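> Generate the whole structure from the sequences, applying the supplied hints.
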Amino acid sequence: MITLSQTLLIAAVAFLASVLGGVTGYGTGLLLPPVLIPLIGAEAVVPVIGLSALLTNAGRVAAWWPRLDRPLALRVVLAAAPGVVIGAALYSLLSGPKVMVLIGATLVALVPLRRWLMRRHGALAPGGVTLAAAGYGLLNGGTSGSGVLLLSILLAAGLGGPGVIATDAAVSFLLGLAKSAVFAGTGALSWPLAGVALVIGLAALPGAFLAKRLAARLGPASHVTILDAVVVLGGALLIVQGLRA
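All residue numbers for the sequence shown refer to this note's numbering, where the first residue is 194 and numbers rise by one.
In case anyone wonders, no lab produced these hints; they're calculated from the structure. Predicted, not measured: the structure shown is a model, and the values here were computed from it. There could be a bad hint or two in this list.
As the list claims (entries may be wrong) - The following label-pair restraints were derived from C-beta to C-beta distances:
(1) L370 - L395: 14 to 20 Å
(2) W309 - F402: 31 to 37 Å
(3) L197 - G320: 49 to 55 Å
(4) R308 - L430: 19 to 25 Å
(5) P319 - P259: 20 to 26 Å
(6) G234 - P259: 36 to 42 Å
(7) W309 - Q199: 33 to 39 Å
(8) A377 - A204: 18 to 24 Å
(9) A205 - G234: 18 to 24 Å
(10) S383 - W309: 35 to 41 Å
Virtual Cβ for every residue (Gly too), placed ideally from N, Cα, C.
Encoded structure:
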């Protein structure tokens, strides 16, 4: 049973993660796992964050609607959806310690992978976008924080600025519907966990609109550097805890 103080902590972290993610396009699903795992268990983290992201991404879509690239979003969703379903189904079969190691390893690996992808200047052709989106879908279904890969795919497809944030949010929202349906069907997403997801989603929703104002004033470089360090530290701690368990 989650206490009131724990609920407030989750809400505060969700709001902060939403603001950072709205400014940098990166981080909303990466900051929450180290906070959530001790409270709700490792197995519940990905289903809860996936469901809460529906509200978070709905807010971002509303905030950046005019900048949404609809054809690109549709291409990515259609290519990624099968992998999301498969990844979510496989995730529901893992035990707690294995889930902790999986999430921790994913968080640590995504930081250098994101930086490597961001340094590449080549643009992806439509076929390359489809192939990359299919791989992203499989990772998205079974992990938290894989949105950094989606961000890199959209940048490589030629998007920039607010267009990336809007399209990323729209894709994540639609894939989140499929992901949550799988978790609900396998019993991995109970009503109490749905309540936790609702707290996260409602707390994060205003962050999208605050981030829109901050994005015009702040450069993302310093935020991303700090965020990368926090993500690597949190991921390493999860790996250690999972191995000990």
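> Hints first: check each against the structure and report whether it holds.
Each hint, compared with the structure:
1. Taking the beta carbon of each, L370 and L395 are about 18 Å apart, inside 14 to 20 Å as hinted.
2. For W309 and F402, the Cβ-Cβ distance of about 32 Å falls inside the hinted range of 31 to 37 Å, so the restraint holds.
3. Evaluation of the 49 to 55 Å hint for L197 and G320 yields a pass: the beta carbon distance comes to about 51 Å.
4. Between R308 and L430 the Cβ separation comes to about 21 Å, which falls inside the hinted range of 19 to 25 Å.
5. Remark: the range hint 20 to 26 Å for P319 to P259 is upheld by a beta-carbon distance near 23 Å.
6. G234 and P259 have their C-beta atoms about 40 Å apart, which keeps the hinted 36 to 42 Å range intact.
7. For the pair W309 and Q199, the beta carbons lie near 37 Å from each other, so the given range of 33 to 39 Å is met.
8. A377 and A204 have their C-beta atoms about 23 Å apart, which keeps the hinted 18 to 24 Å range intact.
9. At about 21 Å, the CB distance of A205 to G234 agrees with the hint of 18 to 24 Å.
10. Distance hint check: the CB atoms of S383 and W309 are about 38 Å apart, consistent with the given range 35 to 41 Å.
Figure legend: structure checked against the earlier numbered hints; every hint is met.
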